[in-house]
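Based on the sequences and whatever the hints tell you, model everything.
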Amino acid sequence: MKLTKNRKAVLAKVEPGKVHKVDEAAALLKEITFTKFDASVDIDVRLGVDPRKANQMVRGVVTLPHGTGKTVRVLVLCTPDKEAEAQAAGADFVGLEEYVEKIKGGWTDVDVIICTPNVMAKVGALGRILGPRGLMPNPKTGTVTMEVGKAVEEVKAGKIDFKVDKFGIVHTSIGKVSFDAKQIEENAKEFLHTILKLKPAAAKGTYVKSIYLSTTMSPGLQIDPKSVD
Numbered sequence: 001m002k003l004t005k006n007r008k009a010v011l012a013k014v015e016p017g018k019v020h021k022v023d024e025a026a027a028l029l030k031e032i033t034f035t036k037f038d039a040s041v042d043i044d045v046r047l048g049v050d051p052r053k054a055n056q057m058v059r060g061v062v063t064l065p066h067g068t069g070k071t072v073r074v075l076v077l078c079t080p081d082k083e084a085e086a087q088a089a090g091a092d093f094v095g096l097e098e099y100v101e102k103i104k105g106g107w108t109d110v111d112v113i114i115c116t117p118n119v120m121a122k123v124g125a126l127g128r129i130l131g132p133r134g135l136m137p138n139p140k141t142g143t144v145t146m147e148v149g150k151a152v153e154e155v156k157a158g159k160i161d162f163k164v165d166k167f168g169i170v171h172t173s174i175g176k177v178s179f180d181a182k183q184i185e186e187n188a189k190e191f192l193h194t195i196l197k198l199k200p201a202a203a204k205g206t207y208v209k210s211i212y213l214s215t216t217m218s219p220g221l222q223i224d225p226k227s228v229d
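For what it's worth, UniProt numbering labels the leading residue of the sequence shown as 1, then goes sequentially.
No lab work stands behind these hints: they were computed from the structure.
Errors might be hidden in some of the hints.
[Said to hold, decoys possible] Computed list of lysine to aspartate or glutamate pairs in EDC-like fashion (alpha-carbon distance at most 16 Å, straight line):
1) Lys159 <-> Glu190
2) Lys70 <-> Asp42
3) Lys70 <-> Asp161
4) Lys18 <-> Asp224
5) Lys53 <-> Asp165
6) Lys199 <-> Asp50
7) Lys209 <-> Glu83
[To be verified] Ranges of calculated distance between the beta carbons of each label pair, as one might list FRET restraints:
8) Arg73 <-> Gly127: 17 to 25 Å
9) Lys182 <-> Phe37: 16 to 24 Å
10) Asp81 <-> Lys13: 51 to 59 Å
11) Gln87 <-> Gly17: 29 to 37 Å
12) Gly134 <-> Val100: 17 to 25 Å
13) Ser178 <-> Ile129: 27 to 35 Å
14) Pro65 <-> Ser210: 19 to 27 Å
15) Glu97 <-> Gly17: 31 to 39 Å
16) Arg52 <-> Ile129: 37 to 45 Å
17) Lys163 <-> Gln87: 38 to 46 Å
All values reported here derive from a predicted model rather than from experimental measurement.
Backbone N, C-alpha and C fix where the C-beta goes; we use that ideal spot for every residue, glycine too.
Here it is in C-alpha cells:
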C-alpha cells in the first residue's frame with residue numbers, strides 16, 4: 001500500500017503507543033485530519049462492565065457544551081394540542097397518524113423521535129422498525145415527555161443519549177473537526193465525566209479501561225483517563 005503525502009504527515013505526528021492528555025489529543029486531531037469534508041470527532045470508551053447483566057448496563061444522556069456540530073432532524077409524534085409547542089421549538093416534523101403510516105412504510109429519515117406519553121401505544125407498535133435504528137422514544141432519555149418543546153430544544157442544543165454496546169464499549173460523536181481544540185476538549189470532558197458518574201455498583205475492577213479520540217478518517221489517539229478531571 002502506497003502511503004499518500006497526507007498519510008505520511010499523519011504518521012510523523014502520531015507516536016505509536018503514546019497516551020495523551022485530553023487537551024493534547026484535541027489539538028493533535030486537528031493536525032492529523034485532512035478530509036475535504038467536516039469530519040466528525042468520535043470518542044470510544046472501553047468499560048470494565050458486563051453489559052449482558054442488567055445491573056452493569058451503562059446508559060445515559062449528556063448535553064455537550066458546544067453541541068455536536070450536526071444538524072439534528074427531530075420528529076415529534078403528538079396529539080394536535082402539542083403541535084404548536086413542538087413547531088415553535090424547532091421540530092422538523094410534527095404530527096401523528098401520517099408519520100406513523102410513513103414509518104410503517106419504512107421512512108426513518110430523522111435522527112431523534114420525541115413523543116408524548118399519550119401516543120406511546122401507537123409508537124410502541126413501530127418498535128420493530130425504530131428499535132434497531134436507535135430511534136425508539138424512551139422516558140429514560142427524555143424523549144417520552146409532555147414537555148415536547150423543552151425536549152426539542154435540548155436535542156437541538158446538543159443533548160445526546162448513549163449506551164454501552166455488547167462489547168463493553170461506548171461510542172459516540174462529540175463534535176466536528178472544524179471545532180477549535182478547546183471546544184473538542186470541553187465536549188470530551190463533559191462526556192467522560194458523565195460516564196464516570198454512571199459507574200454501576202456491580203462493576204468490579206477497572207471501570208474505564210481505555211479511551212480513544214479519533215475523527216472519521218484519522219488514527220485513534222489514546223487518552224489518559226487520569227487527565228479527564
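Status of the hints after comparison with the structure:
Proposed proximity of Lys159 and Glu190 is supported: the alpha carbons are some 11 Å apart, at most 16 Å. A distance of roughly 13 Å separates the Cα atoms of Lys70 and Asp42; the hinted pair therefore holds under the 16 Å criterion. Distance check on the hinted pair: Lys70 and Asp161 sit about 14 Å apart at the alpha-carbon level, within 16 Å; holds. For the suggested pair Lys18 and Asp224, the alpha carbons sit about 9 Å apart, so the restraint of at most 16 Å is met.
Taken as a hint, the Lys53 and Asp165 pair is honoured in the structure, with Cα atoms around 12 Å apart against an allowance of 16 Å. For the proposed pair Lys199 and Asp50, the alpha carbon gap of about 12 Å is at most 16 Å, so the pair holds. Proximity of Lys209 to Glu83 is assessed by CA-CA distance (about 45 Å); at most 16 Å being required, the pair is judged violated. The beta-carbon spacing between Arg73 and Gly127, approximately 20 Å, falls within the hinted interval of 17 to 25 Å.
Between Lys182 and Phe37 the Cβ separation comes to about 22 Å, which falls inside the hinted range of 16 to 24 Å. Against the hinted window of 51 to 59 Å, the Cβ-Cβ separation of Asp81 and Lys13 comes to about 56 Å, which satisfies the hint. Taken as a hint, the range 29 to 37 Å is violated for the pair Gln87 and Gly17, whose Cβ atoms sit roughly 52 Å apart. The hinted window of 17 to 25 Å between Gly134 and Val100 holds, with their beta carbons roughly 18 Å apart.
Hint check: Ser178 to Ile129, Cβ distance near 33 Å, so the stated range 27 to 35 Å holds. Between Pro65 and Ser210 the beta carbon distance is about 24 Å. The supplied range of 19 to 27 Å therefore holds. Between Glu97 and Gly17 the beta carbons are some 57 Å apart, a value that contradicts the proposed interval 31 to 39 Å. Separation of Arg52 from Ile129 is about 25 Å and departs from the stated range, judged on CB atoms against 37 to 45 Å.
Taking the beta carbon of each, Lys163 and Gln87 are about 30 Å apart, not inside 38 to 46 Å as hinted.
Checked against the numbered hints given earlier, the structure breaks hints 7, 11, 15, 16 and 17 and satisfies all the rest.
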